[in-house]
Amino acid sequence: MDIKEKVKDSIELTEEYGVFTYPYVVIGGKYVLTASTLYNDDYSVAVLDYLVNKLEKERGK
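Residues 1 to 61 (UniProt numbering) make up the sequence shown, in order.
It should be emphasised that the hints constitute simulated quantities derived from the structure, not laboratory data. Here a beta-carbon is modelled for each residue, glycine too, at the ideal position from N, C-alpha and C.
Cβ-Cβ distance ranges computed for the label pairs, FRET-style: (1) 2 / 60: 33 to 41 Å; (2) 22 / 52: 17 to 25 Å; (3) 4 / 53: 33 to 41 Å; (4) 16 / 37: 17 to 25 Å; (5) 14 / 43: 18 to 26 Å; (6) 2 / 39: 33 to 41 Å; (7) 2 / 50: 31 to 39 Å.
The calculated BS3-like cross-link candidates involving lysine-lysine, where the alpha carbons are at most 30 Å apart (straight line), are: (8) 6 / 54; (9) 4 / 30; (10) 30 / 54; (11) 30 / 6; (12) 30 / 8; (13) 30 / 57.
Let the sequences and hints guide you as you build the complete structure.
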């Protein structure tokens, strides 16, 4: 995939998720976290760990 395709795909995903602020993280295509929801590094890591574990349990891993 060339850079133009990657940029196009990224723009489409941004529009699909309805997020127009940076940075943001999408977890499992289900959860969108923005800078305003991630207050500091410790909190961010805890939230990311929680959501990843939750998705793994939902998927039966």
